[in-house]
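Trainee: Based on the sequences and whatever the hints tell you, model everything.
Protein chains in written order, with the working numbering: chain A, 1 to 189; chain B, 190 to 513.
One or more hints might be untrue.
Claimed, not checked - One side of the interface only, derived from the structure: several residues of chain B facing chain A at Cβ under 10 angstroms:
(1) 240
(2) 292
(3) 432
(4) 486
(5) 488
Unchecked claim - Pairwise CB distance ranges (calculated):
(6) A:57 <-> B:469: 23 to 33 angstroms
(7) B:249 <-> A:91: 54 to 64 angstroms
(8) A:33 <-> B:325: 19 to 29 angstroms
Hints in this document: simulated from the structure, not taken from any laboratory.
The C-beta atom is built at its ideal place from N, Cα and C for all residues, glycine as well.
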Amino acid sequence: MARYSTNEFKAGLKILLDQDPCAIIENEFIKPGKGQAFSRVKIRNLKNGRVIERTFKSGESVEGADVMDIDVQYLYNDGEFWHFMEPESFDQYQADSNAVADVVKWLKEQDICTMTLWNDSPLSVAPPNFVELAVAETDPGLKGDTSGGGGKPATMESGAVVRVPLFVQIGEMIRIDTRTGEYVSRVKE
Amino acid sequence: MAENWKPACDLNALRSRAQMLATIRHFFQQRSVLEVETPLLCSATGTDPQLDFFSSIYHAAPNNKEMFLQTSPEFAMKRLLSAGSGSIFQICKAFRNSELGRFHNPEFSILEWYRIDFSLDQLMDEVAELIVELLGNQFYQVDKQSYSKVFKRHTGLNPLVFCQKTYADYALNNDIKDAVSLCGNDHAMWLDFIFSYKVQPALEDKALCMVYGYPAIQSSLARININNPLVSDRFEVFIKGIEIGNGFFELSDAVEQEHRFDQENKSRQRKGIRRVDKDKKFLDALHSGLPDCSGVALGLDRLLMGITQAYSLDDVIAFPFDRA
Chain A
1 MARYSTNEFK AGLKILLDQD PCAIIENEFI KPGKGQAFSR VKIRNLKNGR VIERTFKSGE
61 SVEGADVMDI DVQYLYNDGE FWHFMEPESF DQYQADSNAV ADVVKWLKEQ DICTMTLWND
121 SPLSVAPPNF VELAVAETDP GLKGDTSGGG GKPATMESGA VVRVPLFVQI GEMIRIDTRT
181 GEYVSRVKE
Chain B
190 MAENWKPACD LNALRSRAQM LATIRHFFQQ RSVLEVETPL LCSATGTDPQ LDFFSSIYHA
250 APNNKEMFLQ TSPEFAMKRL LSAGSGSIFQ ICKAFRNSEL GRFHNPEFSI LEWYRIDFSL
310 DQLMDEVAEL IVELLGNQFY QVDKQSYSKV FKRHTGLNPL VFCQKTYADY ALNNDIKDAV
370 SLCGNDHAMW LDFIFSYKVQ PALEDKALCM VYGYPAIQSS LARININNPL VSDRFEVFIK
430 GIEIGNGFFE LSDAVEQEHR FDQENKSRQR KGIRRVDKDK KFLDALHSGL PDCSGVALGL
490 DRLLMGITQA YSLDDVIAFP FDRA
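Mentor: Right, here's the structure in full:
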C-alpha cells in the first residue's frame, strides 16, 4: 500500500495507525516561524468509530489503508453472518456482527447499503439514508388523527423502534430517515 | 465548470489588503525609512534545517545553475545595510516549501524592516505602533512578556533549563503525550511543541502580545543577550495568539554567523536533508561590517487576517496554493 506524507493529509484520507484502519477528519499544520513543524490530526478509527487526536512530525509518512466504499445489496442473515452482494459483479460479502453493529435494525432485504471494505473484507455497513419498512407492532391509534402530535412507539419488521403518528397501523409501510431514526411519512403501496 | 478559477477570498479582502499596504508605506515614509527591493530568485539560501525551500534551474547548459526562491529577504537586506543604506523596509513575497494549512501558504507576503541603532525594545515599540495603526483607532493594550515568564506561567516549566523527565511528565499529565516520543531529548523541539500547544492558545485573548527573550537555543539570527547567555535578543509578535512575526537584535559577527551556518548544516546532515552552500556574499557583507541594528519580519497575510478578523489565509488571499 502507498505511504502518505503528512503534507498530503486531508479529510477523508485512509491511513493505517497502530494496525487499525483510520480516516483523517481534520489536519492542522502547526509551525513556529523558526521551529519544528507538526501536523495535529484528528482521526477516526474505522473499526470502533472512536475519534482520537495525534501529532506527527511534519514530513513523516504513514502507511495508507486499503479502505474503500462500495454499494451492495443486502441479501439475508444466516444467523451468524449478514450477506451482501455487489449488484454489478455479483461478488458476495459476509459481514459479522461487529461490521453490521447497530445498523442491523435498518436492514431490509434487497436494500442498497454502503459497505466499507478493508483489504476486501467488510469493516462496516451504512444503511441508505431513507428506508421503507413495514410496521410489525404498535398500539392501535385513533382513526382520523392526522395531527402527528404526540405519537406512539412502533416496532418495524426489522426490529427498529420508531416514534410514529397515532394514525399509523400495523402492516403499513412507513419511510424513515436512518440518520435521525425519525418517521418521515407513510408509503402508499 | 469548476469554481476554482474564482478568488478564494471576498473582494473586500482585496481592498483591505490595498489599504494595509498604503498605510504601511505611509508609516515608513513618515519615518524616513527607505523602501527597497531585493531578488526573489537568489543564488544562495539559508541553512536553517526547519526551512524547506523551492529551487529552480537557470538554463545555461552545460553549466546550468541552481537558483533558490527566497525564504525571506534577510540576507540581501543585510547586504544593503552593510553597504550603508541606512534604515530600510521591503514588502515582498517569500516562499517556503511544504508549509500549507490554515495559517500557512507556500507563497506569502512579508514586510521586513531594519532600523539602524535601534535596540530590540525600541523596535518592539515601533512594531506595536504600526500594528495599532493597522488594526484601527481603538485603544490597544500592548502586552510585552518575556518568554521565560509566559512559558512558566502557562506550564510551570522552566524553558531555559532542559530536564527531559520533567518535560515528559508534564506532557503525560497535560494531554500531549505524543510529545514524549516525538521530541525525545531535543530541547528546542520540546519548546516548539509545548509553546504551540499550551502557551500560544493562552495568548488568544490578547489583541497584541510580544514575547521577547527567546531561549538561546532558538536564537536563529539574533544576538545572544549580553547579560544572560541562556537568552537571545529575539522577540515574536502575536495577534490573538497567532504568530505574526519575528524580530532580532541582529547578529553582526561574521565568524559567529558562519559557525551557526555550519552547525545548521550538520543538523541537516543528521536529519538526512541536503546540505546548503553558505551564502558567501552575505558573510562577506558581515565581514565588511553590518551596523548595529534591529530588524523584524511580519507575515502580511496573517496580519491581514488579524485586521479583517478572518478565520483562515484563504479568506485574505485571492489565489491561495490550491487555486494558484
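Trainee: All hints are to be evaluated individually against the structure, with a verdict given for each.
Mentor: Right, here's what the structure says about each hint:
1. 240: At about 9 angstroms, which falls below the 10 angstroms cut-off, the nearest Cβ of chain A leaves the hint on residue 240 (chain B) intact, so it holds.
2. 292: holds (7 angstroms)
3. 432: holds (6 angstroms)
4. 486: holds (8 angstroms)
5. 488: Given a least distance of 8 angstroms, the restraint on residue 488 (chain B) holds.
6. A:57 <-> B:469: 23 to 33 angstroms: holds (32 angstroms)
7. B:249 <-> A:91: 54 to 64 angstroms: holds (58 angstroms)
8. A:33 <-> B:325: 19 to 29 angstroms: With Cβ atoms ~25 angstroms apart, the hint holds.
Checked against the numbered hints given earlier, this structure breaks none of them.
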